[in-house]
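**Q** Whenever a hint applies, use it, and build me the whole structure from the sequences.
Here is how the chains run, residue by residue.
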Amino acid sequence: MRGSGGEPALSAHELVKHYPGGRNRPAVRALRGVSLDVRAGETYGIVGESGCGKSTLARLLVGLEPPTSGSVEIGGQPVDVGPKVDRRALARRIQLVFQDPFSSLDPRLRVEQALAEVLQVHGLHVERRDARVAELLDMVALGRRFADRYPHELSGGQAQRVAIARALAAEPQVLVLDEPTSALDVSVRAEIMNLLVRIQDELGLSYLFISHDLSMVRHISDDIAVMYLGLVVEAGRFDQVLDSPLHPYTRALADAVPVPDPEVEEARRDSSAPTAHSVFVEPAQGCPYSPRCPLVEPICREIAPVLLGTGDGHVVSCHVASRDFGAKLSA
Amino acid sequence: MSAAELSIRGLRVGIAHRHGVDEIVRGVDLEVASGEKLGVVGESGSGKTLTMLSVLQLLPSPLAVLGGQVLLDGEDLMHADERRLRAVRGGEVAMVYQDPMSSLNPLLRVGTQIVEALRAHGVPVEAARARTREVLGQVGLPQPERIESSFPHELSGGMLQRVMIAMALSTSPKVLIADEPTTALDVTIQQQILDLVSALQAETSMAVIWVTHDLGVVARLVDRVAVMYAGRVVEQAPTRKLFARPTHPYTAALLASLPGPEIGHRKPLHQIGGTPPDPAHLSPGCPFRARCPYAIGRCAVEEPGLIDRGSGSVAACWREPELWES
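These protein sequence lines are chains A and B, in that order. Heads up, the first sequence is in this note's numbering, so the first residue is 1 and it goes up one at a time. Heads up, the second sequence is in this note's numbering, so the first residue is 1 and it goes up one at a time.
Bear in mind the hints are in silico, worked out from the structure with no lab data behind them. Some hints could be false.
Unchecked claim - Result set (SDA-like, lysine to any residue): computed pairs, CA atoms no more than 25 angstroms apart in a straight line:
#  : chain 1 : residue 1 : chain 2 : residue 2
1  : B       : K241      : A       : D270
2  : B       : K241      : A       : S215
3  : B       : K241      : B       : S149
4  : B       : K241      : A       : V259
5  : B       : K267      : A       : R237
6  : B       : K267      : A       : L203
7  : B       : K241      : A       : E266
8  : B       : K267      : B       : L255
9  : B       : K267      : A       : G41
10 : B       : K267      : A       : G143
11 : B       : K267      : A       : S182
12 : B       : K267      : A       : M139
13 : B       : K241      : A       : V257
14 : B       : K241      : A       : D37
15 : B       : K267      : A       : Q240
16 : B       : K267      : A       : V259
17 : B       : K267      : A       : D201
18 : B       : K174      : B       : P321
19 : B       : K267      : A       : I303
20 : B       : K267      : A       : D243
21 : B       : K241      : B       : E322
22 : B       : K267      : A       : Q173
23 : B       : K241      : A       : E263
24 : B       : K267      : A       : Q200
25 : B       : K267      : A       : D270
26 : B       : K267      : A       : I199
27 : B       : K267      : A       : V197
28 : B       : K267      : A       : N194
29 : B       : K267      : A       : R39
30 : B       : K267      : A       : D37
31 : B       : K267      : A       : S215
32 : A       : K84       : A       : G41
**A** Okay, here's the thing in structure tokens:
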């Protein structure tokens with residue numbers, strides 16, 4: 001275990017984000033109370049589909065948008081992510097890496113300028129800025145020859161390395177990685193994943209790794225949370241959540257992801273478990289997943305479940321799963 | 001496989017300019033039979049999309065077909081006139097693209113657009129309306145009447161992609177070409193679309209070409225896979241065979257790079273290294289040789305054609321897999 005225990009590197013408490021509606025635009029409750037602890041030196045994976053609030057969560061944590069309510073702590077100290085956020089101070093502690101590296105790099109800046117800019121903004125390594133830029137390039141395994149390239153002269157994988165180096169330049173404790181490999185070609189994804197694991201081990205960084213790609217999340221994450229309609233519906237150690245999922249949504253999600261193994265796929269086709277076959281509908285009350293849920297019971301349409309633990313750190317918000325699990329424990 | 005519904009032979013696509021020709025698709029042969037699902041896998045720049053666009057002569061200028069044949073049930077589409085092509089496009093051969101939003105007219109109701117497409121293929125208006133409602137129901141859209149009268153912006157990405165598939169299927173095409181149709185969608189929606197295409201295909205026995213970079217989708221959906229690299233097909237095999245015993249080092253490397261149960265948690269994934277070459281500016285020899293761990297002297301001089309590897313597999317590699325490590 002790499003995690004050192006002690007204070008979590010990043011904690012979110014009951015984060016809520018509502019976007020008010022307008023003319024012809026309904027109000028959106030993007031996050032409805034999300035809490036999580038990222039252990040120091042570990043990776044916390046977040047999975048979920050579009051609209052589950054995972055990218056909103058990322059934006060709130062790095063201060064790009066203020067939450068409607070809730071609080072954030074980094075390294076055990078409260079940080080202000082509200083409307084008066086000190087972004088520069090926050091940027092020294094937590095950095096965000098986006099899905100599309102090209103849209104996060106200034107097309108007019110050479111790689112070395114893009115990195116030097118971060119050092120300049122934060123007044124870092126004033127005496128040895130060039131040397132530091134070279135170190136950062138080394139860290140992401142990009143040769144010195146890339147220093148004077150413009151973003152359009154880079155491949156997708158190279159540009160993502162620059163984006164990661166740029167995030168590291170501010171020397172944060174936490175990296176929020178929002179779909180960092182999704183825009184890349186298959187043959188490049190492995191490189192970026194290996195790089196992220198190596199950097200984490202070398203620098204002792206903590207990651208919040210957001211992706212819809214369950215195999216990548218599983219590969220890198222120590223803990224995993226599954227989000228649905230602005231809520232965490234299941235969380236625990238990676239193998240608890242993905243190998244013994246309790247929430248019917250986690251199971252539907254795991255089943256829906258095609259596995260690159262025709263024999264597994266054939267077996268699945270034959271067993272064909274009931275899957276969630278309808279679009280997102282937000283119910284007025286009860287469990288947000290109830291309209292899609294194959295296990296739905298009357299209580300699910302009445303009362304929203306809360307996250308309940310199974311005793312070993314695995315939590316799930318599902319009336320049916322909690323009851324069945326409780327029965328199994330007492331049996 | 002004599003009953004090929006669609007057969008692409010020696011297709012070459014490129015840009016002609018003053019100093020010569022930049023060839024990007026460099027001689028592609030593909031066949032799909034009625035009732036068969038063929039997967040075409042490749043990374044960006046491998047030529048998979050250009051190959052598909054060439055089938056219906058939809059290449060954007062200055063790209064042009066430089067040579068080869070596209071045979072639809074034996075008829076050479078390369079020599080078809082514009083009128084015949086219009087009948088084939090969206091008629092006998094339908095295409096679905098990655099981004100449904102950009103394939104639909106934002107100013108017209110969804111139903112109107114499907115009716116219009118059917119009318120263009122000579123279906124009388126009443127029959128076209130009935131057919132529209134029918135196909136919208138077939139693709140699993142709830143309340144087809146409501147969908148019909150919606151504008152594209154009122155529907156989600158998954159619903160729009162189902163609308164596109166409904167439109168593609170409305171003329172009962174012999175061949176459906178789908179180019180990364182589920183890449184932008186959530187996995188549960190993707191699952192619905194894959195299930196749907198499988199079910200409809202079993203009913204109608206159309207031929208399906210599914211272009212993707214997702215090897216999981218390939219494993220789930222298709223019968224046979226063609227892997228493209230640098231403008232050519234480098235391996236083609238029945239799906240199970242391809243995954244169990246890849247016979248091209250590129251395919252083997254792609255499969256090895258995926259995280260999976262046999263790779264330990266957080267253990268290094270297999271990296272291919274290097275970057276794909278620009279097919280328009282290749283040096284002699286095999287285009288994969290610079291990234292290939294098994295390259296030998298011959299690979300630098302002579303580009304291999306597709307060589308039979310048994311059990312329905314072909315691979316463009318000089319070396320038999322048994323000898324790779326030696």
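**Q** Next, verify each hint and record whether it holds.
**A** How the hints compare with the structure:
1. Between B/K241 and A/D270 the CA atoms are separated by roughly 20 angstroms; this keeps the pair inside 25 angstroms, and the hint holds.
2. Proposed proximity of B/K241 and A/S215 is supported: the alpha carbons are some 23 angstroms apart, at most 25 angstroms.
3. Among the hinted pairs, B/K241 with B/S149 is inconsistent with the structure: their alpha-carbon atoms are about 46 angstroms apart, more than 25 angstroms.
4. Among the hinted pairs, B/K241 with A/V259 is consistent with the structure: their alpha-carbon atoms are about 16 angstroms apart, no more than 25 angstroms.
5. The hinted pair formed by B/K267 and A/R237 meets the criterion: a straight-line CA distance of about 17 angstroms does not exceed 25 angstroms.
6. Restraint check: the Cα-Cα separation between B/K267 and A/L203 comes to about 17 angstroms, which is no more than 25 angstroms; the hinted pair holds.
7. With a CA separation close to 14 angstroms, the supplied pair B/K241 and A/E266 stays within the 25 angstroms bound.
8. Distance check on the hinted pair: B/K267 and B/L255 sit about 16 angstroms apart at the alpha-carbon level, within 25 angstroms; holds.
9. Proposed proximity of B/K267 and A/G41 is supported: the alpha carbons are some 16 angstroms apart, at most 25 angstroms.
10. For a cut-off of 25 angstroms, the pair hint linking B/K267 to A/G143 stands: about 24 angstroms separates their Cα positions.
11. Proposed proximity of B/K267 and A/S182 is supported: the alpha carbons are some 20 angstroms apart, at most 25 angstroms.
12. At most 25 angstroms may separate the alpha-carbon atoms for a hinted pair to count; B/K267 and A/M139 meet this at roughly 19 angstroms.
13. Taken as a hint, the B/K241 and A/V257 pair is honoured in the structure, with Cα atoms around 21 angstroms apart against an allowance of 25 angstroms.
14. Distance check on the hinted pair: B/K241 and A/D37 sit about 44 angstroms apart at the alpha-carbon level, beyond 25 angstroms; violated.
15. Proposed proximity of B/K267 and A/Q240 is supported: the alpha carbons are some 19 angstroms apart, at most 25 angstroms.
16. Under the criterion of a C-alpha separation no larger than 25 angstroms, the hint pairing B/K267 with A/V259 is consistent with the structure, at around 19 angstroms.
17. Distance hint between B/K267 and A/D201 is fulfilled; the C-alpha atoms sit about 12 angstroms from each other, no more than 25 angstroms.
18. The suggested pairing of B/K174 with B/P321 is violated, with an alpha-carbon distance near 37 angstroms, which exceeds 25 angstroms.
19. Among the hinted pairs, B/K267 with A/I303 is inconsistent with the structure: their alpha-carbon atoms are about 43 angstroms apart, more than 25 angstroms.
20. This hinted pair checks out: B/K267 and A/D243 have alpha carbons roughly 18 angstroms apart, not beyond 25 angstroms.
21. The suggested pairing of B/K241 with B/E322 holds, with an alpha-carbon distance near 15 angstroms, which does not exceed 25 angstroms.
22. Restraint check: the Cα-Cα separation between B/K267 and A/Q173 comes to about 22 angstroms, which is no more than 25 angstroms; the hinted pair holds.
23. Taken as a hint, the B/K241 and A/E263 pair is honoured in the structure, with Cα atoms around 11 angstroms apart against an allowance of 25 angstroms.
24. This hinted pair checks out: B/K267 and A/Q200 have alpha carbons roughly 13 angstroms apart, not beyond 25 angstroms.
25. This hinted pair does not check out: B/K267 and A/D270 have alpha carbons roughly 32 angstroms apart, beyond 25 angstroms.
26. This hinted pair checks out: B/K267 and A/I199 have alpha carbons roughly 13 angstroms apart, not beyond 25 angstroms.
27. For the given pair, B/K267 sits about 8 angstroms from A/V197 by alpha-carbon distance, which is consistent with the 25 angstroms threshold.
28. For the hint linking B/K267 to A/N194, the alpha-carbon distance of about 8 angstroms falls within 25 angstroms, and the restraint holds.
29. Restraint check for B/K267 and A/R39: the C-alpha separation of about 20 angstroms stays at or below 25 angstroms, so the hint holds.
30. The hinted pair formed by B/K267 and A/D37 meets the criterion: a straight-line CA distance of about 24 angstroms does not exceed 25 angstroms.
31. Between B/K267 and A/S215 the CA atoms are separated by roughly 13 angstroms; this keeps the pair inside 25 angstroms, and the hint holds.
32. As the CA atoms of A/K84 and A/G41 are separated by approximately 29 angstroms, the hinted pair breaks the 25 angstroms bound.
Of the numbered hints listed earlier, those contradicted by the structure are 3, 14, 18, 19, 25, 32.
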